[in-house]
Amino acid sequence: MFTSLLLCTHGTAGAQYAEHLVFADLCVKNPDLNVSVLTIIDQDWQNMTGDDWLNSSKTHTKFLDHVEQQMQEENEEDWQRIKATYPAAEKAQFIGVVGKIEQTIAQIAAKNSNDLIVIGPYRESRRLFNLKMEKGLRSRIKPATLHPLLPCPLLIAPVCSITG
Amino acid sequence: MAQAQDNKPLFILSGLMIIYALIASSDVLHPLMKYLHTAKTADLQVSMGFICGGVGILGALINSVRKPGTTIIDRFVLQPLPGILLILVMAMAIRWYVEPVVKLISQNLQPVLGFKIYKVLNLNYVILGLLAGVLITNTYGIPKFAAAGVKCARFVLKMGVIMLGARYSFAELAKLGSYSVVLVGTFVLGTVFLVLWLGKIFKQPKTMTGVLSAGMGVCGVSATVAVAPVVKAKSEEMAYTIGTILSFGIICMFVFPTVGHMAGMNPVQFGAWAGTGILNSAQVAAAALAFNAVDIKTLKVAEIFNITRVLFLPIIVLVLATWFGKQSGQKLTFKEVVIDKFPIFILGFLLLFAMSSMGLFSPPTHYKGKFIDYSYNERTQVTEKEWEALNGAVQNNTLQGLKPEQLAAVKDLVAQRQLAGNYESRADKKLFNKQGQERMFQLESILAAAKGKVLTLDKSVKGAIHHAIKQVHKKSKTVTTLTDCMIWFFAFGLIGLGMQITKKAIFQAGGWPLVMGIISGITKATLSFFVVLWLVKDVVLK
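If you read the protein sequences in the order shown, they are chains A and B.
For the first sequence, this note's numbering begins at 1 and goes up steadily by one.
For the second sequence, this note's numbering begins at 1001 and goes up steadily by one.
Note that these hints are calculated values from the structure, not bench results.
Owing to the predicted nature of the structure, the values given are computational and were not obtained by experimental measurement.
One or more hints might be untrue.
What follows is a set of in silico ranges between Cβ atoms, one per label pair, in the way DEER data are often shown [stated by the list, open to error]:
id, chain 1, residue 1, chain 2, residue 2, range
1, A, E124, B, Y1423, 52 to 62 Å
2, A, P143, B, K1200, 37 to 47 Å
3, B, F1202, A, K100, 31 to 41 Å
4, A, F2, B, W1488, 55 to 65 Å
5, B, V1112, A, N47, 17 to 27 Å
6, A, Q72, B, Q1110, 50 to 60 Å
7, A, Q72, B, G1264, 33 to 43 Å
8, A, Q69, B, T1481, 38 to 48 Å
Lysine-lysine pairs mimicking DSS-like chemistry, simulated, CA-CA at most 25 Å apart [said to hold, decoys possible]:
id, chain 1, residue 1, chain 2, residue 2
9, B, K1034, A, K62
10, A, K100, A, K58
11, A, K91, A, K132
12, B, K1151, A, K135
13, B, K1503, B, K1151
14, A, K100, B, K1504
15, B, K1434, B, K1411
16, A, K135, B, K1503
17, A, K142, B, K1119
18, B, K1144, A, K132
19, B, K1385, B, K1451
20, B, K1504, A, K135
21, A, K91, A, K29
22, B, K1034, B, K1119
23, A, K135, B, K1200
24, B, K1403, B, K1335
25, B, K1200, A, K132
26, B, K1232, B, K1103
27, B, K1151, A, K100
28, A, K132, B, K1504
29, B, K1144, A, K100
30, A, K111, A, K91
31, A, K58, B, K1151
32, A, K135, B, K1206
33, A, K58, B, K1434
34, B, K1459, B, K1537
35, B, K1119, B, K1504
36, A, K62, B, K1008
37, B, K1034, A, K58
38, A, K62, B, K1335
39, B, K1385, B, K1459
40, A, K62, B, K1385
All C-beta atoms, glycine included, are put in the ideal place defined by N, C-alpha and C.
Given these sequences and hints, build the entire structure.
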């Protein structure tokens, strides 16, 4: 039914359910499925300089360049993990974009003419009390923002046991 | 026409300011202003309304008739103008309406709660402004038209610090400088090494401890932003560290002034403690103004400590770069690490200090004691605590032995909260000043009688009268104008910076950075509190 699919992941436990659904289930059932893996570098990193007023704009730019470079490296590692875990991922197209999460998902899906978007399930964040640190920014997809922008159906992957 | 549409917010804001100025100038608002105790600022409210509204209309007209360009005027004046005006409207509304209303509500709630909320939380216009900024950005969001103006807050705050340079003497700068170098040096290096040590104990990566040590030790988010690329911090390390520092800083902003008041700290001690113990430099300024927004003693001390910390930043970056460079084998140039990180605005601060010290702002006739300014201004008022002491003495009839004219002068001081002429005569400067002089003579005679043991005065009442007299002795009009502008610059800057603190950034806090941040932050704040109380004595401040 679906031929082109956009998988949104940033490597968290929730996103890994979506990866599993796409590569261990949907791609196995439909080997011709065209998958694009989208990892977004959250534009809100720009707001992470908070109330800093001492540094020059040059230092701010250098910080944001470092964040982008770092995120790209971390995304690359994540993509390698996906490729190593799921053989079906070898054929997938991997895309890294800087932008607002909801708008970027909708824009890329429209641009690629995807007919299905897959994201991970809601997962309670225990960032404050968990000593194990999670990559990147703590960020949530806001359904109220995303849903009106969607160019195609959205599938939220169910929680499942991941065996690889 | 399309361009005029783009300028709609600017036209509306400017129009509102002019309409407000017209209403305020017609005395219609006088009863309300009197009720809110802001009637003395009526003239300033009218002037600011007309001037800012006029500039706004002019800017909107220019923006409407010409295409937006990339010239300096476009980038630094015309584009940010709507945002600047929005923050100014907020600053004016908070200073003249929100703060007095919060005070009135707090006073009315006192019988129920047993304390005044605005006193416990230090809810003056500075803190309220910063909170308003945080609230707007995290609810409605910064309006698109104001985005460029909000970014100006950083520049405006730097201008405020530069202007503050005119308020120091050589003696003060030398004394405060020596205190700050010793305290900041000890606590900056101490905290940096404490975090690095904690990192080793908790087996945390050096990239994380490097970025956290700079943030916790030097100047919060600013140091984190400067150091992260140098130590090649990972994304989660930056996010968790910034979240931890922002959360800790906001809590400190409320806790420090309350603890300072409870511990009976003087302005110098509090400024030194805030300047050493609070992580983010913007929150140091906010806490100093929260402790005392009437005069700028605390701010003067806190900013010297802030500047010293900022000067330590390149040194810490150099130390961490060397430490990290050894780990990774990468080489960083002296320019990359030190020159690029040097805060240039400090040169402006030193320039203003040098100009002021050479007497460029203070002609010989304007030296202390020669120039008296009775004009209505928050700067010339007694503090809230002093006012309460005076009011209590008048209400409880404890001012025994005073002549009727002396008592009348004290009662007027209570009514007006400052030494001044009659409110009704404010338009006639000569008469107004004469009335002020007569009152000052009566107040000085009270102090002389108390000194000669002719009458007995409570220490707090004596201190309040002494301060009221001192408040109207000004160095020069130029310095006074610079100080007034500076206070507005700080209020503006802190609202704008509040607008840049998002809940998303705060909620990044957690993990090992939070554990290590809490340990090092509380250790630094507690130790510096005792060291400041022990070492720092009052310094003569003008």
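Hints versus structure:
As the Cβ distance of A/E124 to B/Y1423 is approximately 60 Å, the hint placing it in 52 to 62 Å holds. Between A/P143 and B/K1200 the C-beta distance comes to about 44 Å, which sits within the given range of 37 to 47 Å. Checking the proposed 31 to 41 Å range against B/F1202 and A/K100 shows it holds: the Cβ atoms sit about 35 Å from each other. Between A/F2 and B/W1488 the C-beta distance comes to about 60 Å, which sits within the given range of 55 to 65 Å.
Hint check: B/V1112 to A/N47, Cβ distance near 39 Å, so the stated range 17 to 27 Å is violated. Between A/Q72 and B/Q1110 the Cβ separation comes to about 57 Å, which falls inside the hinted range of 50 to 60 Å. Judged by the Cβ atoms, the range 33 to 43 Å given for A/Q72 and B/G1264 is violated: they are separated by roughly 54 Å. At about 47 Å, the CB distance of A/Q69 to B/T1481 agrees with the hint of 38 to 48 Å.
Between B/K1034 and A/K62 the CA atoms are separated by roughly 51 Å; this puts the pair beyond 25 Å, and the hint is violated. With a C-alpha separation of about 23 Å, the suggested pair A/K100 and A/K58 falls inside the 25 Å cut-off, and the hint holds. Restraint check for A/K91 and A/K132: not satisfied, since their Cα atoms lie roughly 32 Å apart, outside the 25 Å limit. At most 25 Å may separate the alpha-carbon atoms for a hinted pair to count; B/K1151 and A/K135 exceed this at roughly 28 Å.
Restraint check: the Cα-Cα separation between B/K1503 and B/K1151 comes to about 18 Å, which is no more than 25 Å; the hinted pair holds. For a cut-off of 25 Å, the pair hint linking A/K100 to B/K1504 stands: about 13 Å separates their Cα positions. Taking the CA atoms of B/K1434 and B/K1411, the gap is about 18 Å. The hint holds against a cut of 25 Å. Annotation: proposed proximity of A/K135 to B/K1503 holds, straight-line Cα distance about 18 Å (limit 25 Å).
Proposed proximity of A/K142 and B/K1119 is contradicted: the alpha carbons are some 39 Å apart, above 25 Å. Distance check on the hinted pair: B/K1144 and A/K132 sit about 37 Å apart at the alpha-carbon level, beyond 25 Å; violated. Straight-line distance between C-alpha atoms of B/K1385 and B/K1451 comes to about 23 Å, which keeps the hinted pair within the 25 Å bound. With a C-alpha separation of about 15 Å, the suggested pairing of B/K1504 with A/K135 holds against the 25 Å cut-off.
For the hint pairing A/K91 with A/K29, the CA-to-CA distance comes to about 15 Å; that is within 25 Å, so the pair holds. Proposed proximity of B/K1034 and B/K1119 is supported: the alpha carbons are some 21 Å apart, at most 25 Å. At roughly 21 Å between alpha-carbon atoms, A/K135 and B/K1200 fall within 25 Å of each other, so this suggested pair holds. The straight-line distance between the Cα atoms of B/K1403 and B/K1335 is roughly 69 Å, outside the 25 Å bound, and the hint therefore fails.
Taking the CA atoms of B/K1200 and A/K132, the gap is about 17 Å. The hint holds against a cut of 25 Å. Pair hint B/K1232 plus B/K1103 does not hold up; C-alpha atoms about 48 Å apart against a cutoff of 25 Å. Taking the CA atoms of B/K1151 and A/K100, the gap is near 20 Å; set against the 25 Å cutoff, the hint holds. Between the alpha carbons of A/K132 and B/K1504 the distance comes to roughly 19 Å, so the proposed pair stays at or under 25 Å and holds.
Between B/K1144 and A/K100 the alpha-carbon distance is near 16 Å, which keeps this suggested pair within the 25 Å criterion. The hinted pair formed by A/K111 and A/K91 meets the criterion: a straight-line CA distance of about 19 Å does not exceed 25 Å. Straight-line distance between C-alpha atoms of A/K58 and B/K1151 comes to about 14 Å, which keeps the hinted pair within the 25 Å bound. Between A/K135 and B/K1206 the CA atoms are separated by roughly 17 Å; this keeps the pair inside 25 Å, and the hint holds.
Distance restraint check for A/K58 and B/K1434: the Cα-Cα separation of roughly 54 Å exceeds the 25 Å cut-off, and the hinted pair is therefore not satisfied. Distance check on the hinted pair: B/K1459 and B/K1537 sit about 20 Å apart at the alpha-carbon level, within 25 Å; holds. In summary, the hint linking B/K1119 to B/K1504 is not supported, as the alpha carbons are separated by about 29 Å, beyond the 25 Å threshold. Between the alpha carbons of A/K62 and B/K1008 the distance comes to roughly 35 Å, so the proposed pair goes past 25 Å and is violated.
At roughly 48 Å between alpha-carbon atoms, B/K1034 and A/K58 are farther apart than 25 Å, so this suggested pair is violated. A hinted pair counts as satisfied when its Cα atoms are at most 25 Å apart, and A/K62 with B/K1335 qualifies at roughly 14 Å. With a C-alpha separation of about 13 Å, the suggested pairing of B/K1385 with B/K1459 holds against the 25 Å cut-off. Using a Cα cut-off of 25 Å, the hinted pair A/K62 and B/K1385 is violated, with the two alpha carbons roughly 47 Å apart.
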